[in-house]
Amino acid sequence: MSISLPALEPLLPGLLLVGVAILLLMYEVFAGQADRTYAAHLAVVGLGLSMFLSLKAVGTPRALLFGTDLANAPLIVDDFARVASALVAAAGLVAALLSPSYAKNAGHDHGEYYGLILFAVVGMMIMSMAGDLMTFFLGLETMSIAVYALTGLRAHDPRSTEAALKYFLMGAFATGFLLFGIALVYGATASVSLATLATFKAGSPLLTLGIALILIGFAFKVAAVPFHMWAPDVYEGAPTPVTGFMAVGVKAAAFIALLRLVHSGLGVSAQTDSTWIPILSALAVLTILVGNVLALVQQNVKRMLAYSSVSHAGYLLIGVVAAARGEASAGSAIIFYLTSYTFMTLGAFGVLTFLERKEGGPESERYGAFAGIGFRHPALGMAMSLFMVALAGMPPTGGFFGKLYLFTAAIRAEETWLALVGIAGSLISVYYYLRVIVAFYMREVPEPGPTPTATRSAQLTLGVALAAFFVLQLGLFPAPLLALTKSAMLSLGL
Amino acid sequence: MLQPAEILAAVVFLPLVGALVLALFPAGDHNNLKGTAIGLTTANFLLSLLLWGNFRPGPGYQMELNLAWIEPFGIHFHLGLDGISLVLVILTTFLMPLTLLGAWSAVEHRVKEFVIAMLALETGMLGAFVSLDLFLFYLFWEAMLIPMYFLIGIWGGQRRIYAAVKFFIFTMAGSLLMLVAILVVATQPTGGFDFSLATALTRDFAPQTERLLFWAFAIAFAIKVPMFPVHTWLPDAHVEAPTAGSVILAGVLLKLGVYGFVRFAFPMFPNAALAAAPVLGWLAVIGIVYGALVAWVQPDMKKLVAYSSVSHLGFCMLGLAAMTTEGVAGAIFVCIAHGISTPALFLLVGMLYERRHTRVLADYGGIARKVPIFAFFLVMTVMASAGLPALSGFPGEFLVLLGTYTSPHGLGRIWTIVAATGVILAAVYLLWMTQRVLFGPLQNPANEDLQDMNAREIVTLVPLMVMAVFLGLHPSTILDKIEPASTRFVQLVHQGSGTNYQADAGALRRSSGVQMRPTTPSIQLPIRGQNPGGPPPGAFQRVPGLRGLDMVAPVKEQ
Amino acid sequence: MHSYGLLLVLFGIAAGIATILYAITVTLGPRARNPTKDEPFECGNIVKQVNHRVSVKFYIVALLFILFDMETVFLYPWAVIYRDLGWTGFWAMISFVSVLMLGLVYVWKKGALDWD
Numbered sequence: 001m002s003i004s005l006p007a008l009e010p011l012l013p014g015l016l017l018v019g020v021a022i023l024l025l026m027y028e029v030f031a032g033q034a035d036r037t038y039a040a041h042l043a044v045v046g047l048g049l050s051m052f053l054s055l056k057a058v059g060t061p062r063a064l065l066f067g068t069d070l071a072n073a074p075l076i077v078d079d080f081a082r083v084a085s086a087l088v089a090a091a092g093l094v095a096a097l098l099s100p101s102y103a104k105n106a107g108h109d110h111g112e113y114y115g116l117i118l119f120a121v122v123g124m125m126i127m128s129m130a131g132d133l134m135t136f137f138l139g140l141e142t143m144s145i146a147v148y149a150l151t152g153l154r155a156h157d158p159r160s161t162e163a164a165l166k167y168f169l170m171g172a173f174a175t176g177f178l179l180f181g182i183a184l185v186y187g188a189t190a191s192v193s194l195a196t197l198a199t200f201k202a203g204s205p206l207l208t209l210g211i212a213l214i215l216i217g218f219a220f221k222v223a224a225v226p227f228h229m230w231a232p233d234v235y236e237g238a239p240t241p242v243t244g245f246m247a248v249g250v251k252a253a254a255f256i257a258l259l260r261l262v263h264s265g266l267g268v269s270a271q272t273d274s275t276w277i278p279i280l281s282a283l284a285v286l287t288i289l290v291g292n293v294l295a296l297v298q299q300n301v302k303r304m305l306a307y308s309s310v311s312h313a314g315y316l317l318i319g320v321v322a323a324a325r326g327e328a329s330a331g332s333a334i335i336f337y338l339t340s341y342t343f344m345t346l347g348a349f350g351v352l353t354f355l356e357r358k359e360g361g362p363e364s365e366r367y368g369a370f371a372g373i374g375f376r377h378p379a380l381g382m383a384m385s386l387f388m389v390a391l392a393g394m395p396p397t398g399g400f401f402g403k404l405y406l407f408t409a410a411i412r413a414e415e416t417w418l419a420l421v422g423i424a425g426s427l428i429s430v431y432y433y434l435r436v437i438v439a440f441y442m443r444e445v446p447e448p449g450p451t452p453t454a455t456r457s458a459q460l461t462l463g464v465a466l467a468a469f470f471v472l473q474l475g476l477f478p479a480p481l482l483a484l485t486k487s488a489m490l491s492l493g494l
Numbered sequence: 001m002l003q004p005a006e007i008l009a010a011v012v013f014l015p016l017v018g019a020l021v022l023a024l025f026p027a028g029d030h031n032n033l034k035g036t037a038i039g040l041t042t043a044n045f046l047l048s049l050l051l052w053g054n055f056r057p058g059p060g061y062q063m064e065l066n067l068a069w070i071e072p073f074g075i076h077f078h079l080g081l082d083g084i085s086l087v088l089v090i091l092t093t094f095l096m097p098l099t100l101l102g103a104w105s106a107v108e109h110r111v112k113e114f115v116i117a118m119l120a121l122e123t124g125m126l127g128a129f130v131s132l133d134l135f136l137f138y139l140f141w142e143a144m145l146i147p148m149y150f151l152i153g154i155w156g157g158q159r160r161i162y163a164a165v166k167f168f169i170f171t172m173a174g175s176l177l178m179l180v181a182i183l184v185v186a187t188q189p190t191g192g193f194d195f196s197l198a199t200a201l202t203r204d205f206a207p208q209t210e211r212l213l214f215w216a217f218a219i220a221f222a223i224k225v226p227m228f229p230v231h232t233w234l235p236d237a238h239v240e241a242p243t244a245g246s247v248i249l250a251g252v253l254l255k256l257g258v259y260g261f262v263r264f265a266f267p268m269f270p271n272a273a274l275a276a277a278p279v280l281g282w283l284a285v286i287g288i289v290y291g292a293l294v295a296w297v298q299p300d301m302k303k304l305v306a307y308s309s310v311s312h313l314g315f316c317m318l319g320l321a322a323m324t325t326e327g328v329a330g331a332i333f334v335c336i337a338h339g340i341s342t343p344a345l346f347l348l349v350g351m352l353y354e355r356r357h358t359r360v361l362a363d364y365g366g367i368a369r370k371v372p373i374f375a376f377f378l379v380m381t382v383m384a385s386a387g388l389p390a391l392s393g394f395p396g397e398f399l400v401l402l403g404t405y406t407s408p409h410g411l412g413r414i415w416t417i418v419a420a421t422g423v424i425l426a427a428v429y430l431l432w433m434t435q436r437v438l439f440g441p442l443q444n445p446a447n448e449d450l451q452d453m454n455a456r457e458i459v460t461l462v463p464l465m466v467m468a469v470f471l472g473l474h475p476s477t478i479l480d481k482i483e484p485a486s487t488r489f490v491q492l493v494h495q496g497s498g499t500n501y502q503a504d505a506g507a508l509r510r511s512s513g514v515q516m517r518p519t520t521p522s523i524q525l526p527i528r529g530q531n532p533g534g535p536p537p538g539a540f541q542r543v544p545g546l547r548g549l550d551m552v553a554p555v556k557e558q
Numbered sequence: 001m002h003s004y005g006l007l008l009v010l011f012g013i014a015a016g017i018a019t020i021l022y023a024i025t026v027t028l029g030p031r032a033r034n035p036t037k038d039e040p041f042e043c044g045n046i047v048k049q050v051n052h053r054v055s056v057k058f059y060i061v062a063l064l065f066i067l068f069d070m071e072t073v074f075l076y077p078w079a080v081i082y083r084d085l086g087w088t089g090f091w092a093m094i095s096f097v098s099v100l101m102l103g104l105v106y107v108w109k110k111g112a113l114d115w116d
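Residue numbers (this note's numbering), protein chains in the order written: chain B, 1 to 494; chain E, 1 to 558; chain A, 1 to 116.
What the hints contain is simulated information worked out from the structure, not anything from laboratory work. Among the hints, a few may not be true.
Computed from the model, here is a short list of chain B residues facing chain A with C-beta under 7 Å [to be verified]:
1) 22
2) 25
3) 29
Beta carbons: idealized from backbone N, C-alpha and C, even for Gly.
Using the sequences provided together with the hints, build the complete structure.
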């Protein structure tokens, strides 16, 4: 076995990010300046380039790294991995755009911040390429540790410290489950390779238990009910752009890895072992209903978005059920939904970043704090309305088409009742997403008083504008992304 | 020169483009914003008249524009018109400039947002009326919800947020059900993965599935109409909405519910629709009587008009449930007539409100002497709304009652009798309202220096009055357009379900005793069942037009 | 079985050396008991109350030590088979160590190694 440099080419998007991240760290310690906007720009360029390289390679044959076939290659760079890499790079890109002005306001303007985002993105990419459970675990940890650090960046704010601690402890707990599950699976099959796993028929209690523990680990990461308890506190305490990044990036990476698992490993045992479908379905239903109902009663917009993110994990789980049922379009639907979810959520957090007050505090995140913003800042108001409408799943947005695609997959998989539960959840969600619009446009505007003023920042504006553009683009002209998701799923053999 | 299909697309999207242009205008220049918006909507109305001119008599879709859109999903950008769509499109474009003109002085703050919302709303409504693709229809259907929500929530009254959210949630509940049904229809194995209406019409469903799908659609549309048990959002929305919002809501939005039944729910699921017709019919007559009774006791004028809408829309639904050509044509005619008289009523109530800031009936009385022009318009409008012959309210309700009486399922006669009391009740509550507002002694000193209507307000109302009179005297103007489409609709449903009903107007007309004038046959139908006094089965029978209702001016003979 | 025998011999030698060394210190070393010597001893810290505060710098250094210490573990398996891996393995390890070096440089420049 020998590795030459050209053989590493498929990894270029990831290696590039590692390089940029190290460069950022070195620049920070050797030539640090007071203003870290340069770091943001460097990160954005790196992420953009990485995304471009990933997308450019779509359509080229599958590359197996450090191995000769699916059963022994730890890294599989196929279209699925490429599309997923582009997606997480896009999430990192928008998050990096949202960050500079917030970091300056909140007093955590460090060059390392962007390095951590890049490392997290690399971790996510590895998760999407993982050919075996160990590589997957490495990617997961790379991502998680970077995100733990990002969460606690506002060190002077007790909410941020609390968030980081909670996230770290719960994350470590989840990791324990995951690792134990991997160990049991290895014990049952003598292999950690997903391809080998697929050849095993269900029946061994060790395998069943192992997969169950792996699923619990996933459920923690995507904040599925009943493993969601950490989400609201963490979302509330983390710096707003990080919250956005966490909500979309971590979720996207986890679902993408789960999808590969379902299609190459779990899928077979799921189809032969009828216990998985009811368990996944129950997880989906609980997540949708609990997430939506709890979001309904929140008074803090960031917490509301946290619970709403929980409920979106539920919609995605419907897709996982459909995928486990063998529905070919489900995976494609999940990737589509994740993409549109990435843009609408990051956009919403971007608008919140705009309106964040210097003194911060939970008071500035309540619905009431946003009274009259829609008229004072018409563009922000329009953008926020767009993102809320998209999150609620209304046309003509990517959120609508994503839901349509997901529920279509569910109906095709003969899980119409799950689609109905998803619809019921969407209906509940309409109420709390509307509350944001109500606050923005319909509440009495308090006289001068403590109303947030928008932070002007070119990067932030660009980030929100990009998000808004893609939310609309995915709603009106989804065909290009549909083609991408299709080729991604084709590369998994569907 | 534009092709007719391109004109259709232009009519739909001109308001949206206008809204985008207006977004660039300075927010402070109110007159300029309102003026431009009125100009745009008037231009759109004139453009839509080209559609009227290009429309050839006939039952099918015309001016179709069918572009590939989202290929993998079988979604097409497919627009097209039949007679029913046509008259509803014209109604929409006709009402829009008048509404904006009527709101000239009522909306003084956030003017820019207001006109943008109104224009976006117009595109949503027009698009929904002409979409021939389920996905596209759903897109427009939902898209018009958002501007309406803003209209109620920003420019509304005291409890505007409650009303706006209630409106949104009610409608959304229905439309989400419909979305699942659309997905189920589109993913049916027969016909492939396709969202087009034409394919949907060819699909077969298991009876149980069909029933569920029909009710999913029906609930969505019934909420919009609104039908009796799900009407509760309407009074709230109307009372809290600004005048312009109420006008559009009553004038056009509610009609989308009726339209949805005609275009989608009934033809796609004919068996389930016919099975459900008795239920719908009963709900419709309950709505007629209940709406009228509740309207009667309202102390608030706007609420009274709102409940009168529930009652009037009951007639539309009754006509559909009757499933006869007269019933359906009458239902659409009621939609148009209601779309003229009720906006006028809302505008008049709005004018009073602007002057006195109250809509409570008890605060008025005897103001006719102070405001004679207003009194004239109010009396005219009330008469039109109450269905006085020779005004627009009459032909539609008459046709609906006629169609219901001869409805193939036996309940028609009972419905007709109950619904006819609704007509009487309408006269009662409307005239009583007029009496309490206009006549009697002038008791409230606050009304002493009430200003009469100004030139702008007169200009706003005159076109509505002209139409009310014109449609009362010449119902055939639009019945000619509606009838072939209605006949086709009835035929589609009955053929789809395989029942032996023949969409025949002639026999009914003979028994009705109204002097009818047989005119140009617009469609020929094969007869599958026996008709009393009709030709033998298998023969073709001419279905005369519905022109017989014309009050003056002989219709041109062949 | 032969290889396990060798292992046993290894254990024997290890135990023997330990015993001999202990015996030497016991017999040759001076014995001067005092109270300080009888206190429990832990990594240079004097154990007092449980909630005793320790400078955060201590933890940073400890953390860094463990971090770099752990990384060296990867050198052992490489050392065993570096002949089989050839130049590929060599460059792989060079890149690994350089990343580690950059980490050290970062830590150093950040001031994490300065006590004050």
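Looking back at the hints listed earlier, which ones does the structure fail to meet?
none
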